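Trainee: Dock chain B against the given chain A, drawing on the hints supplied.
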Amino acid sequence: MLGGTRARTLGGAALALAVLGSALLATGCGGGAGGSGAGVVRASWGDPQSPLEPANTNEVQGGKVLDMIFRGLKRYDPKTGAAQDMLAEKIDSADQQNFTITVKDGWTFGNGEKVTAKSFVDAWNYAALVDNKQKNASFFQDVDGYDKVHPAKGAATAKTLSGLVVKDERTFTVRLRTKFSTWPDTLGYAAYSPLPRAFFDDHQGWLKRPVGNGPYMVDSYTKGSSMKLSRWDGYPGDDKARNSGVELRVYTDNNTAYTDLQAGNLDLVDDIPSAQLKNVKNDLGDRYINQPAGIIQTVVFPMYDEAWSKPGMEKVRRGLSMAINREQITEQIYQKTRTPATDWTSPVLGDQGGYKAGLCGGACTYDPGEAKRLIQEGGGLPGGKVTITSNVDTGSHRLWMDAVCNSINNALGNDGACTVNPVGTFADFRNQVADQRMTSLFRSGWQMDYPLVQNFLQPLYYTNASSNYGKFSDPQFDRLVDEANAESDTGKAVGTFQDAEKILAAQMPAVPLWYQNGSAGYSENLVDVQLNAFSVPVYDRIQVK
Amino acid sequence: MGRYVIRRLLQMIPVFIGSTFLIFFMVYALGDPVAALFGDKAPDPATAARIRKDLYLDAPLWKQYLHYMGQILTGNFGTAFNGQEVIDLMADAFPVTLRLTLVAVLFEIVVGITLGLLSGLRRGRAVDTTVLLLTLVVVSIPTFVSGYVLQYLFGVKWGAVSPSVSPAAPLDELLLPGVVLGLVSLAYVTRLTRTSLAENSRADYLRTAVAKGLPRHRVVTRHLLRNSLIPVVTFIGTDVGALMGGAIVTERIFNIHGVGFQLYQGVLRQNSPTVVGFVTILVIVFLLANLLVDLLYAVLDPRIRYA
Chain A
1 MLGGTRARTL
11 GGAALALAVL
21 GSALLATGCG
31 GGAGGSGAGV
41 VRASWGDPQS
51 PLEPANTNEV
61 QGGKVLDMIF
71 RGLKRYDPKT
81 GAAQDMLAEK
91 IDSADQQNFT
101 ITVKDGWTFG
111 NGEKVTAKSF
121 VDAWNYAALV
131 DNKQKNASFF
141 QDVDGYDKVH
151 PAKGAATAKT
161 LSGLVVKDER
171 TFTVRLRTKF
181 STWPDTLGYA
191 AYSPLPRAFF
201 DDHQGWLKRP
211 VGNGPYMVDS
221 YTKGSSMKLS
231 RWDGYPGDDK
241 ARNSGVELRV
251 YTDNNTAYTD
261 LQAGNLDLVD
271 DIPSAQLKNV
281 KNDLGDRYIN
291 QPAGIIQTVV
301 FPMYDEAWSK
311 PGMEKVRRGL
321 SMAINREQIT
331 EQIYQKTRTP
341 ATDWTSPVLG
351 DQGGYKAGLC
361 GGACTYDPGE
371 AKRLIQEGGG
381 LPGGKVTITS
391 NVDTGSHRLW
401 MDAVCNSINN
411 ALGNDGACTV
421 NPVGTFADFR
431 NQVADQRMTS
441 LFRSGWQMDY
451 PLVQNFLQPL
461 YYTNASSNYG
471 KFSDPQFDRL
481 VDEANAESDT
491 GKAVGTFQDA
501 EKILAAQMPA
511 VPLWYQNGSA
521 GYSENLVDVQ
531 LNAFSVPVYD
541 RIQVK
Chain B
546 MGRYVIRRLL
556 QMIPVFIGST
566 FLIFFMVYAL
576 GDPVAALFGD
586 KAPDPATAAR
596 IRKDLYLDAP
606 LWKQYLHYMG
616 QILTGNFGTA
626 FNGQEVIDLM
636 ADAFPVTLRL
646 TLVAVLFEIV
656 VGITLGLLSG
666 LRRGRAVDTT
676 VLLLTLVVVS
686 IPTFVSGYVL
696 QYLFGVKWGA
706 VSPSVSPAAP
716 LDELLLPGVV
726 LGLVSLAYVT
736 RLTRTSLAEN
746 SRADYLRTAV
756 AKGLPRHRVV
766 TRHLLRNSLI
776 PVVTFIGTDV
786 GALMGGAIVT
796 ERIFNIHGVG
806 FQLYQGVLRQ
816 NSPTVVGFVT
826 ILVIVFLLAN
836 LLVDLLYAVL
846 DPRIRYA
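Residue numbers (this note's numbering), protein chains in the order written: chain A, 1 to 545; chain B, 546 to 852.
This is chain A alone, in the form it adopts within the complex (with noise of 0.2 Å):
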């Protein structure tokens, strides 16, 4: 055996490893991980981004809790998409711009508080004020008074909406800036969610768990790994959660979420890993979802860019849409997970809400040989070619945007026509793109807020609007989507917005790619699964064997 003093030394830190080992497993066992109770729905999870307000979250993760938690005045029917009341009894207008809303008897939160008119009002005031920094604030600046408490620059001059105004228990009204037909049907977005006091009075103590007045309570929040929502067994509406609660587990990769779910260690995952989709037929049979989700890709032109607004540019622009061969990219790329677009919105509006399949025409029609006569008609590539740019962290984004330069290069018969321009990471792309860098095409992808045709337009084309990167601008446009707006009929309106869609198809400001549908898969433990038009599965329908 080892002697000497010298030995005993390194016993003595292998000792002390062996200690600091056992201390570091005593404290990681206090989580009491693996089983979990009956009836419990286990679903994969991404980390929230922000900490979970309802004015704050705007993605998917975050909005899925706030679907449990909370429900507001309307809410979308998980099959159609279309805006149902829900705790509005009834929301009126004489013209489209004062709206009269009254809110459900009956209702509260987890807590037990009452949900009254001044729970919106409270939530929506907070939302809007630039102070509370919520990045969902934009949502309310068709409000009279939004520049008052959310001003472009400097210190807010009202601390409250002055369009809000509390009437009775169970009454308030609301005033426009202007003319918004379809508004009340925007009030199923989580961030018009109703807030009870402890949320101002207790911030961060709610914001470590958070309380609503949906079907599930939160029991625990993990910020990075888990949170454990369970059935609230004295939630008032018609909507019940059918399964006793769910765990959120947060992956990493969904790729682990597959194998979890091959293993029977997970029953749902909402993202099926793309170099999957080719199994996972095989892998989960009927237990597979693939269906349409409120997203559309599409590839925006620098219309702040002279050579790429001038006149004649239309033709290039349209030529461009023509050259590339969506059908052949979405399946071999995508395994119909996307379906080539032929609008600029999004199958799940439905015909009567604005959705019209074929309405880009010829224009998004694979066409080589009049792609390369338009573009030659139109005078040719600015610079002779093109690139793409999109960021490539995440979405596989490197391989369509291969595709679609091949497909234009084979098109035009020129191999150095279009190169891509992948950017690291999404936060330095969404600053180039912000910052009106690009001088050539680029990715611009679109997840709706509400399921409304104006949602897909307005926001994205009309002049100056919040998401038009592109600086697209058109005086007929802007004028019949203000029209749409100010129409009370909804079929009239609707009618209205696919007239201005037609300009876009002869503008071309951006090429509408593919419409991007949720994938999804379960075990053979859960019945009932759907996704919603968001493409979030509706948890409070699962029902665990």
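No lab work stands behind these hints: they were computed from the structure.
Treat the hints loosely; a few may be bogus.
Okay, derived cross-link-like pairs now, SDA-like style, lysine to any residue, Cα gap no bigger than 20 Å in a straight line [claimed, not checked]:
no.: 1; chain 1: A; residue 1: K315; chain 2: A; residue 2: D367
no.: 2; chain 1: A; residue 1: K471; chain 2: B; residue 2: K586
no.: 3; chain 1: A; residue 1: K223; chain 2: B; residue 2: K586
Just so you have them, the derived chain B footprint on chain A, three or more residues with Cβ under 8 Å [what the hints assert, rightly or not]:
no.: 4; region: 44-52
no.: 5; region: 132-143
no.: 6; region: 148-161
no.: 7; region: 222-235
no.: 8; region: 252-263
no.: 9; region: 444-452
Taking beta-carbon pairs under 8 Å as the criterion, some of the chain A residues facing chain B (in silico) [claimed, not checked]:
no.: 10; residue: N58
no.: 11; residue: E59
no.: 12; residue: L207
no.: 13; residue: R209
no.: 14; residue: S396
no.: 15; residue: T425
no.: 16; residue: F426
no.: 17; residue: A427
no.: 18; residue: A434
no.: 19; residue: S466
no.: 20; residue: S467
no.: 21; residue: Y469
no.: 22; residue: E487
no.: 23; residue: D489
Quick caveat: nothing in here was measured; it's all calculated off a predicted structure.
We put the beta carbon where it would ideally sit given N, CA and C, even for glycine.
Mentor: Relative to the frame of chain A, chain B by itself:
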């Protein structure tokens, strides 16, 4: 010895300042993180400006750095975008990764040195050739391949272990990920041990030991192995730091919420407090591991002295 340790600790200060500044500069150079917080929507200028002011992003770089260092000295590592204190993130992540590294290093030491000893003592024979071949195979397979394959075999096909690690990450669940993480280093440890043994087996002192008639196991453990372990210990020491930082791939595959996961999220969201904070701690771990290696030299070989 004591003065040597103090001198080494003092040397860490400039290294620490220099490395944090470099990391800070690199994360800063990635650009403004605020725009990405708004997703596909254009950021609302007033809200974005407030968030920037809150995160101290509206100041010039040197001011941001001084502000950050000032905060660190008071034990405040800033706040991640999701409202969590970075220090809390560290308290959650570092023990997990430390456990994972511990498994990997123990695996490396035990299996690596044993294999190296076996093949080193039987040079040129079947055992030696097999070990050399095996380590060659292991070195040439990237971690993400071995990770996914072993995860599929053990986790899905045979159902022996859970394919993903629960948030608490107890040691038994970390065995497989630890082996995956330590696999490549294991091959290096094996080969280093073997070569070092081969070299020292021809040394004078060993011939003396054999000539004295010492029993074989005493010759091997006390004279041959102990002297041959110096390069191996150097490697393992530096490897501790490398493993902690390099766990990013393994942690992703097995869904371990450790340092790698937080770093990945931090880089993806360009969250400088997270990235700089975590890397700063990693730098310290690296420096301490190196110090420990240097101190271990004295234990292994008394001829190495410190002034």
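Trainee: Look at each hint and say if it fits the structure.
Mentor: Hint by hint, here is what the structure shows:
1. K315(A) to D367(A): Holds. K315(A) to D367(A) sits at ~14 Å (cutoff 20 Å).
2. K471(A) to K586(B): Holds - the C-alpha atoms of K586(B) and K471(A) are around 14 Å apart, at most 20 Å.
3. K223(A) to K586(B): violated, 25 Å
4. 44-52: Three-residue rule met by the region 44-52 of chain A, so holds; n is 5.
5. 132-143: It holds, with 5 qualifying residues against the three required.
6. 148-161: holds (count 4)
7. 222-235: This one holds; 5 residues, not fewer than the three required, reach chain B with a Cβ under 8 Å.
8. 252-263: Satisfied; 9 residues make the cut.
9. 444-452: Held - the region 444-452 of chain A has 4 residues with a Cβ nearer than 8 Å to chain B, which meets the minimum of three.
10. N58: holds, 5 Å
11. E59: Holds, because the Cβ-Cβ distance from E59(A) to chain B comes to roughly 6 Å (cut-off 8 Å).
12. L207: Hint on L207(A): holds, closest Cβ of chain B at ~6 Å, below 8 Å.
13. R209: It is violated, given that the least Cβ distance between R209(A) and chain B is near 13 Å, above 8 Å.
14. S396: Nearest chain B Cβ about 15 Å off; hint violated.
15. T425: Holds. Min distance 6 Å.
16. F426: holds, 5 Å
17. A427: holds, 4 Å
18. A434: This hint holds: A434(A) lies near chain B, its Cβ roughly 5 Å from the closest one there, short of 8 Å.
19. S466: This hint holds: S466(A) lies near chain B, its Cβ roughly 5 Å from the closest one there, short of 8 Å.
20. S467: At about 5 Å, which falls below the 8 Å cut-off, the nearest Cβ of chain B leaves the hint on S467(A) intact, so it holds.
21. Y469: Constraint on Y469(A) satisfied, holds at 7 Å.
22. E487: violated, 26 Å
23. D489: violated, 30 Å
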